[in-house]
Amino acid sequence: MTDDRIEAELRLVTWNEQGLVPVVVQQWDTLEVLMMAWADEEALRRTLTTGRATYWSRSRQQYWRKGDTSGHVQHVRGARLDCDGDTVLLLVDQIGVACHTGTRTCFDGTDLDPVVTAAQGGSAADDAGQATQ
Numbered sequence: 057m058t059d060d061r062i063e064a065e066l067r068l069v070t071w072n073e074q075g076l077v078p079v080v081v082q083q084w085d086t087l088e089v090l091m092m093a094w095a096d097e098e099a100l101r102r103t104l105t106t107g108r109a110t111y112w113s114r115s116r117q118q119y120w121r122k123g124d125t126s127g128h129v130q131h132v133r134g135a136r137l138d139c140d141g142d143t144v145l146l147l148v149d150q151i152g153v154a155c156h157t158g159t160r161t162c163f164d165g166t167d168l169d170p171v172v173t174a175a176q177g178g179s180a181a182d183d184a185g186q187a188t189q
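Residue numbers (our numbering): 57 to 189.
Since the hints were derived computationally from the structure, they do not count as laboratory data. Don't be surprised by glycine CBs; every beta carbon is placed ideally from N, CA and C. Check each hint, because a few of them may be wrong.
Simulated DEER-style distance windows between Cβ atoms [what the hints assert, rightly or not]:
no.	residue 1	residue 2	range
1	Thr58	Ala175	25 to 35 Å
2	Cys155	Thr58	27 to 37 Å
3	Thr159	Glu98	38 to 48 Å
4	Arg136	Gly75	14 to 24 Å
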């Protein structure tokens with residue numbers, strides 16, 4: 057990818073008031089959600105140009121390239137912006153664990169025990185159409 061193309065893609069990102077964008081990290085082949093982190097423009101630029109996931113640490117106020125200290129590297133396999141441009145989906149090949157607690161994913165903690173509903177035939181569009189007829 058050329059520098060001009062990278063810069064054009066970075067201009068599509070909607071950064072928050074701190075100049076950051078949330079990055080949802082997903083295992084590229086299983087689609088398992090691994091973690092969430094933050095990136096500023098430079099961290100995202102490094103991620104897109106090096107093939108290694110780089111984030112901005114809000115607590116340490118510094119860049120961290122996943123795996124440099126732990127050995128649990130994230131090799132980039134793809135990156136997408138959501139429809140509003142304010143969240144990045146980063147597809148990676150995770151080597152080792154993703155979570156700082158030593159687990160594969162950061163999302164294996166507390167279950168919030170939501171009410172679970174099931175769709176009952178048809179689509180949401182069908183249901184909406186029935187409600188307005």
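We went through each hint and held it up to the structure:
Look at Thr58 against Ala175: about 44 Å separates their beta carbons, and that is not inside 25 to 35 Å. Under the hint 27 to 37 Å, the C-beta atoms of Cys155 and Thr58, about 35 Å apart, fit the expected range. For the hinted restraint 38 to 48 Å between Thr159 and Glu98, the CB-CB distance of approximately 29 Å leaves it violated. In this structure the supplied range 14 to 24 Å holds for Arg136 paired with Gly75, their Cβ-Cβ distance being about 20 Å.
Hint compliance for this structure: hints 1, 3 are not met, and every other hint is.
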